[in-house]
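Here the protein sequences come in this chain order: V and Z. Residue numbering for the first sequence follows the working numbering, beginning at 28 and increasing consecutively. Residue numbering for the second sequence follows the working numbering, beginning at 150 and increasing consecutively.
It is worth saying that the hints were derived from the structure and are not from the lab. None of the values given here were measured: they were computed from a predicted structure. Don't take each hint at face value.
To be verified - Listed next, the in silico DSBU-like pairs over lysine-lysine satisfying Cα-Cα at most 35 Å (straight line):
# : chain 1 : residue 1 : chain 2 : residue 2
1 : V       : K333      : Z       : K351
2 : Z       : K351      : V       : K323
3 : V       : K333      : V       : K134
Stated by the list, open to error - Quick partial rundown of chain Z residues pointing at chain V, CB under 8 Å, derived from the structure:
# : residue
4 : F204
5 : G232
6 : T233
Every residue gets a Cβ at the ideal spot worked out from N, C-alpha and C, and that includes glycine.
Here are the chains, one letter per residue:
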Amino acid sequence: MDLLGELSSNSRAKAVMVTVAVLELAFIFPQPVYGAAPQTIPGAVDVSIFRSPTSGPAVATGALTDDHGNATSGTVAALAWPDEILSSTFKVGDRIPTPTVGWTSAKGDGTFTLRIDPRRLPAGYLSSSGHVNLNVFAWNGGRFADWSMSSQLASPSTYFQSLSVNRSDVPTLRLALKAQIAPSVGTIVSRPDVAGCGYYTLISTSLAWDDAGESLPFYSSTTSWFSLGSSHSVTLGVATSFNGTYGSWSASGSYTVSSGVLRTWDSSSDDRYYQVQTQYGKYSVSCYGYRVLPIKDTGQSATVIKGWQNWCRQPWIVSEPANFTFQRSGSSGYHYSLGGGVLTGSWIGLNLSYDTDYGSDNATSYHFVSPSKLCGNNDYPTYAGRITDNAYA
Amino acid sequence: MWAAAGLVAIALAVLGASLVYHGVTVGQDAAERHLDGEGPLGSVGDPSTSLSGAFDQNAPASRWTLGVPLCLDQGNDPAVLDGTISGTQVIGDGFTYLGAFVREFTPAQGDTPIGGVEGFPPNVKEPLHNLKGYAVSNRCQPPGQRDPSAPYTELLIGWGRGSGSHGGGWLGLDVAYTAAGRSYVLSIADSILICGPAVPQKYCGPPSQPAPS
Chain V
28 MDLLGELSSN SRAKAVMVTV AVLELAFIFP QPVYGAAPQT IPGAVDVSIF
78 RSPTSGPAVA TGALTDDHGN ATSGTVAALA WPDEILSSTF KVGDRIPTPT
128 VGWTSAKGDG TFTLRIDPRR LPAGYLSSSG HVNLNVFAWN GGRFADWSMS
178 SQLASPSTYF QSLSVNRSDV PTLRLALKAQ IAPSVGTIVS RPDVAGCGYY
228 TLISTSLAWD DAGESLPFYS STTSWFSLGS SHSVTLGVAT SFNGTYGSWS
278 ASGSYTVSSG VLRTWDSSSD DRYYQVQTQY GKYSVSCYGY RVLPIKDTGQ
328 SATVIKGWQN WCRQPWIVSE PANFTFQRSG SSGYHYSLGG GVLTGSWIGL
378 NLSYDTDYGS DNATSYHFVS PSKLCGNNDY PTYAGRITDN AYA
Chain Z
150 MWAAAGLVAI ALAVLGASLV YHGVTVGQDA AERHLDGEGP LGSVGDPSTS
200 LSGAFDQNAP ASRWTLGVPL CLDQGNDPAV LDGTISGTQV IGDGFTYLGA
250 FVREFTPAQG DTPIGGVEGF PPNVKEPLHN LKGYAVSNRC QPPGQRDPSA
300 PYTELLIGWG RGSGSHGGGW LGLDVAYTAA GRSYVLSIAD SILICGPAVP
350 QKYCGPPSQP APS
């Protein structure tokens with residue numbers, strides 16, 4: 028009998044072997060610091076991420092609380108979402124691959140800093156603008172929270188190790204852990220086995236118009252136009268629901284979608300909103316309900332003529348001469364964010380947020396036939412979120 | 150004798166001119182060029198923001214004033230303008246830079262910035278200060294949190310038609326100054342133009358392409 032056979036025939040030796048195997052597994056897959064049992068980790072999270080702390084840029088800081096608002100410990104993981112090109116290839120019924128790209132622990136005071144390892148991003152998960160969309164999962168025992176967010180890595184380079192995130196762009200998340208709710212019955216249940224949880228499946232798609240910009244010239248004495256460059260990106264709201272029914276949705280973060288579509292609207296003296304169309308997907312998330320997420324810019328455009336909106340507020344007024352064209356592009360000041368946002372109300376009962384910056388490819392222009400005044404809503408027109416024209420201001 | 154003195158005078162003049170030339174050149178080379186928001190002197194505060202003002206080529210007026218905000222963005226020492234303003238990139242020859250002044254006012258007292266007005270110098274109630282030696286000390290303020298009772302410093306640039314018929318102007322604006330004993334050039338992404346064939350269409354009107362429905 029060889030040594031292995033001899034050991035195998037010995038019950039004490041078997042116990043030792045089992046113990047060693049468990050220890051080896053524990054070494055290879057160390058559990059999150061807070062010590063949760065393995066089965067509390069949502070199945071969509073790749074446990075190999077726990078082999079070591081995540082090395083890479085910080086994409087979010089935040090705090091975990093329980094349902095009473097008290098700080099609590101827990102584990103937080105970031106799962107990457109496909110970019111707009113890859114997202115648009117999935118069909119209804121497809122399960123969406125969401126690679127785990129980072130994790131961290133929240134200590135007893137609930138605080139955490141979440142980093143992602145860009146080397147874990149497969150092709151198709153980093154957009155041409157350098158954005159990565161993330162689903163942030165947080166859990167402790169049978170309680171769970173999630174949030175959708177976007178982070179722009181400083182350079183869309185292939186040298187992932189050098190990527191970083193501007194400090195000012197790192198959001199602070201407040202994640203309240205809730206007992207999971209069984210979507211079918213709407214009651215709080217204990218789910219010790221979550222191995223099948225956290226997987227996204229596309230169940231339907233819909234098109235929505237987004238208010239991408241506006242210009243508000245003064246009667247016929249001024250004309251205006253708007254352009255969106257071919258490399259602009261927009262931040263679009265994300266919604267969550269436990270049962271997916273109309274009216275049950277609430278905002279749950281945002282994704283950034285890049286567009287390769289160049290749009291220029293012609294000049295007009297009408298007060299107008301400029302709209303672009305986005306395809307949204309509705310996803311079931313096993314154990315965790317439903318989500319509505321943007322998929323892609325469809326390339327469609329529209330214009331909506333609004334009534335006279337040439338308000339002016341002191342002191343945010345500047346004078347403009349006749350026979351003159353003023354153009355603003357760039358991201359200073361407030362991003363353009365209109366109350367209408369993404370017009371998904373008829374679909375899910377909730378309009379989602381839409382935020383675009385006046386990026387270098389995006390411009391709002393006013394041409395003054397006679398002297399006039401440009402007015403900002405919250406600052407001078409150079410910096411304001413909205414600007415209008417009023418010759419009588 | 151007189152011929153020798155003349156030669157010496159010419160030699161000294163050439164030497165002096167050379168020294169001045171090299172001195173100026175060395176001075177410019179030594180200046181640290183920075184974008185808006187990345188040095189002591191600031192304007193809008195964000196290098197990704199760009200503003201443009203373009204005058205119609207056939208406008209009745211021939212002289213204008215454009216206003217550009219200036220503020221102290223970094224450090225505590227005032228930014229002292231050295232009197233030099235130039236275009237980061239110059240296109241065409243159908244324009245003339247007429248000079249510049251600085252004024253300071255308080256928005257809460259009822260005055261407002263100049264985007265652009267006809268005429269130069271502009272007709273404003275505040276005194277117009279020479280550019281050279283003016284010390285900018287008013288702090289930049291974050292967008293949307295501006296205090297109207299805080300003083301506002303405005304660079305007033307004079308602009309006119311030039312000899313050429315193709316329009317032109319400055320793409321970008323360079324403002325030279327010193328702060329804490331160091332020389333800088335603030336490069337602002339603002340453009341000042343007179344429309345014409347030399348100027349890209351996007352500054353003067355919508356591109357001629359079918360409009361989205």
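Results of checking the hints against the structure:
| no. | hint | result |
| --- | --- | --- |
| 1 | K333(V) - K351(Z) | 25 Å, holds |
| 2 | K351(Z) - K323(V) | 27 Å, holds |
| 3 | K333(V) - K134(V) | 51 Å, violated |
| 4 | F204 | 6 Å, holds |
| 5 | G232 | 24 Å, violated |
| 6 | T233 | 23 Å, violated |
When the structure is compared with the earlier hints, violations turn up for hints 3, 5, 6 and for no others.
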